[in-house]
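Asker: Protein sequences appear in the order of chains A and B.
Just so you know, this note's numbering puts 125 at position 125 of the first sequence, and the rest follows in order with no gaps.
Just so you know, this note's numbering puts 138 at position 138 of the second sequence, and the rest follows in order with no gaps.
Treat the hints as calculated values from the structure; they're not laboratory data.
Worth double-checking, as some hints may not be accurate.
[Said to hold, decoys possible] Cut-off 35 Å, straight-line C-alpha distance, at most; resulting in silico cross-link-like pairs (DSBU-like, lysine-lysine):
#1 Lys137(B) <-> Lys170(A)
#2 Lys324(B) <-> Lys162(B)
#3 Lys137(A) <-> Lys401(B)
#4 Lys83(B) <-> Lys56(A)
#5 Lys221(B) <-> Lys202(B)
#6 Lys93(A) <-> Lys221(A)
#7 Lys170(B) <-> Lys137(A)
#8 Lys337(B) <-> Lys392(B)
#9 Lys93(A) <-> Lys27(A)
#10 Lys137(A) <-> Lys93(B)
Protein chains: 2
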Amino acid sequence: MAKSFNYEGLFSKNSQDTPIRVVSHAKYDFAVAYPAPETLPLDGLTEALRIQLDTKGDQMARDMAYYPQVHGLLELREFVCDKLAADRGFRVKPEQVVITSGSSEANALLIQAITNPRDTVIVEEYVYAGTLAQLRKYGANVVGTPLDDEGIIPAALEDLIKKLTAQGEKPKYLYTIPEHQNPTGSTLPEARRRQILDVAHKYGMPVLEDDCYVDLRFEGKTQPAFRTLDDSGIVMHVASFSKIISPGLRLGYFTASDEVMRRAVSFRSGGGPSQFTMYAVDGFLRSHMQEHKDTFRPMLRQKRDAMVSSLERHFGGSGATWSKPQGGCYSWLTMPKGTNLTAIQQQCFDDGVGFIAGSNFAPNNNGDHCARLCFAFESPEKNREGIALLAKLFEKHGAMKAKAAARR
Amino acid sequence: MAKSFNYEGLFSKNSQDTPIRVVSHAKYDFAVAYPAPETLPLDGLTEALRIQLDTKGDQMARDMAYYPQVHGLLELREFVCDKLAADRGFRVKPEQVVITSGSSEANALLIQAITNPRDTVIVEEYVYAGTLAQLRKYGANVVGTPLDDEGIIPAALEDLIKKLTAQGEKPKYLYTIPEHQNPTGSTLPEARRRQILDVAHKYGMPVLEDDCYVDLRFEGKTQPAFRTLDDSGIVMHVASFSKIISPGLRLGYFTASDEVMRRAVSFRSGGGPSQFTMYAVDGFLRSHMQEHKDTFRPMLRQKRDAMVSSLERHFGGSGATWSKPQGGCYSWLTMPKGTNLTAIQQQCFDDGVGFIAGSNFAPNNNGDHCARLCFAFESPEKNREGIALLAKLFEKHGAMKAKAAARR
């Protein structure tokens with residue numbers, strides 16, 4: 001091999017030497033953020049693609065050659081409009097919808113459209129680590145607003161805005177997952193959403209609403225989206241097919257007011273998602289979505305029940321609390337303050353139980369005593385076994401006092 | 001509807017209010033950059049996906065749930081390595097390959113890794129408009145280096161580097177499509193590539209090689225890639241499945257030295273291409289690529305022949321010249337200096353013939369008398385008819401002198 005070429009001084013200032021993430025799994029994996037592979041409707045997707053090809057092969061061929069629909073397959077955007085009207089109760093036109101490579105691209109495009117370096121952005125006190133990383137990548141100063149069991153506390157949000165504004169750090173916008181929040185599992189009640197919208201208008205602060213878990217509700221009542229309650233354009237609405245079908249499809253979407261949409265799309269590179277995948281998903285959703293939801297949701301509920309009852313059994317009385325979400329994938333475990341789960345996360349993984357310590361989700365650096373536990377991936381039985389083992393590991397590593405054996 | 005929320009002052013400084021591109025087609029469409037839809041192997045792709053599912057459904061399900069392979073499906077990266085070794089004669093490992101959303105994402109990631117605003121970047125004097133737009137989007141000062149029928153002239157390139165360096169604008173890197181260049185159709189001979197690599201090393205200037213047309217050669221000898229001639233890391237190699245299978249798949253790939261790769265990947269948003277599409281393409285390529293190439297290439301050649309013979313017949317003797325490419329999709333028409341094809345592009349489109357005036361590809365603003373003509377899309381017959389009509393339209397709009405009717 002020739003002498004290595006030296007790139008020193010040639011890299012761009014905002015490039016990062018990013019280590020390659022290696023994904024590995026513990027025996028009991030509560031660290032992931034996905035449903036179980038065996039629940040994915042791959043046969044249904046492939047069959048749907050076959051049918052699409054048989055019934056509109058010529059149109060598919062043209063789309064695969066031209067990719068003329070820059071915001072994504074028209075039929076899929078029409079489906080999204082119908083779905084938003086039926087499930088979320090607000091109406092948009094297909095030309096107001098952009099299909100993206102997962103909700104992560106949607107968030108990335110919108111964040112880039114409205115973030116300058118050093119802008120202050122408010123998020124939930126505990127926030128999806130992927131979005132936290134994206135916000136920081138584009139230079140945002142990220143501040144968490146306090147949460148309780150029902151999510152963002154509107155009065156605390158307004159106090160925070162006032163405080164930040166007084167410090168010369170007027171917040172630019174709010175990012176929130178209001179339904180089955182990642183990582184806490186909480187759902188924000190309608191009354192709070194209305195109060196938060198009042199605050200948003202008062203301070204001229206748009207709301208970036210990430211509604212990616214809404215399809216995964218298995219009990220209780222879906223709350224109206226921020227976007228349902230307000231069509232002034234102050235709400236940017238993002239959602240995803242990752243959770244209801246499969247993350248590996250990389251398909252999500254957003255809707256926002258016209259100029260926001262055009263500016264967001266200007267950050268796209270790569271020309272949009274695969275037409276091939278969009279045709280498969282469009283066909284599948286139209287024929288199978290309800291049926292798939294009907295099998296998927298009770299399964300998720302069983303898993304949530306298994307995890308929560310096992311938490312009750314093995315963590316009850318220890319001073320720990322945990323959320324009992326009505327949907328989504330996560331329960332949020334809160335140990336007494338002073339407990340350091342960040343310190344033992346790797347040890348627990350090595351001993352067979354994966355979780356993500358709260359510090360990974362905490363822009364205010366207050367998450368060491370918390371953990372996100374994903375119940376959606378493992379079977380009910382493994383949820384029970386894994387939580388039992390987790391309690392033992394917490395005791396072993398000094399994060400929880402040992403209890404009388406009888407309790408188990 | 002509520003009063004519209006006003007986003008004034010909230011947009012990021014580098015966001016652009018991008019108009020939505022509406023794609024329309026002239027009767028004779030030489031303006032596109034794609035093969036004909038009816039030549040796309042959609043049945044083969046869907047069949048390949050069915051077989052993948054039948055033979056490795058469990059693995060597919062895991063990949064669709066976890067997406068653990070951050071740089072793209074391992075099997076597809078292994079295929080790329082074998083293909084690069086067989087077709088291009090250089091060896092890389094799967095961990096040195098990143099699968100991207102078309103070659104456009106590959107280019108965007110690499111450009112971002114090594115471009116700061118106001119960096120000077122050298123490109124061919126006429127360069128793919130998409131890359132030109134990408135380079136400018138990330139702030140590059142783009143300068144074209146002179147071309148002749150065989151592409152970049154190495155001595156002229158060195159002169160340009162010296163001139164720019166003397167002006168305090170030392171070029172950061174060179175972007176080039178050396179094989180069946182877009183838009184000119186030329187292929188750079190091996191000897192010139194070696195000379196250009198010498199220049200690149202002398203001035204510490206990496207080469208971003210866009211090899212996206214290499215599979216579309218239908219006559220003559222494929223030239224070794226820059227990357228084949230130099231494994232020091234100075235060459236970043238980008239390629240695509242868009243041209244050999246379908247642009248709508250959005251699948252391409254790149255290989256570069258380790259740190260360049262890691263920094264490029266740090267700009268990704270959206271989590272990589274669809275696993276679903278990668279499985280389909282991997283299955284298809286392994287079973288059908290050679291067969292598909294064997295039918296695809298002769299068809300392209302027929303189309304090239306039809307266009308070039310019609311150019312000879314209708315433009316011969318007018319002072320015009322045109323390239324006769326050995327592959328790819330484009331012939332480059334050069335009218336006498338002073339002709340303004342930019343001015344009549346829309347009129348010709350309205351009258352039935354689409355082409356792209358050279359000004360769209362010209363960082364040095366010297367392309368008004370040129371046009372890119374894509375022969376790959378229309379049938380041989382429509383290539384002949386369309387060029388005949390184009391000659392009449394050039395005469396009608398004053399871009400060419402009328403000839404004796406007998407010549408037609």
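Asker: Now tell me, hint by hint, if it's right for this structure.
Answerer: Hint by hint, here is what the structure shows:
{"no.": "1", "hint": "Lys137(B) <-> Lys170(A)", "in the structure": "holds (29 Å)"}
{"no.": "2", "hint": "Lys324(B) <-> Lys162(B)", "in the structure": "holds (32 Å)"}
{"no.": "3", "hint": "Lys137(A) <-> Lys401(B)", "in the structure": "violated (57 Å)"}
{"no.": "4", "hint": "Lys83(B) <-> Lys56(A)", "in the structure": "holds (33 Å)"}
{"no.": "5", "hint": "Lys221(B) <-> Lys202(B)", "in the structure": "holds (29 Å)"}
{"no.": "6", "hint": "Lys93(A) <-> Lys221(A)", "in the structure": "holds (26 Å)"}
{"no.": "7", "hint": "Lys170(B) <-> Lys137(A)", "in the structure": "holds (29 Å)"}
{"no.": "8", "hint": "Lys337(B) <-> Lys392(B)", "in the structure": "holds (19 Å)"}
{"no.": "9", "hint": "Lys93(A) <-> Lys27(A)", "in the structure": "violated (46 Å)"}
{"no.": "10", "hint": "Lys137(A) <-> Lys93(B)", "in the structure": "holds (29 Å)"}
When each numbered hint is compared with the structure, violations occur for hints 3 and 9.
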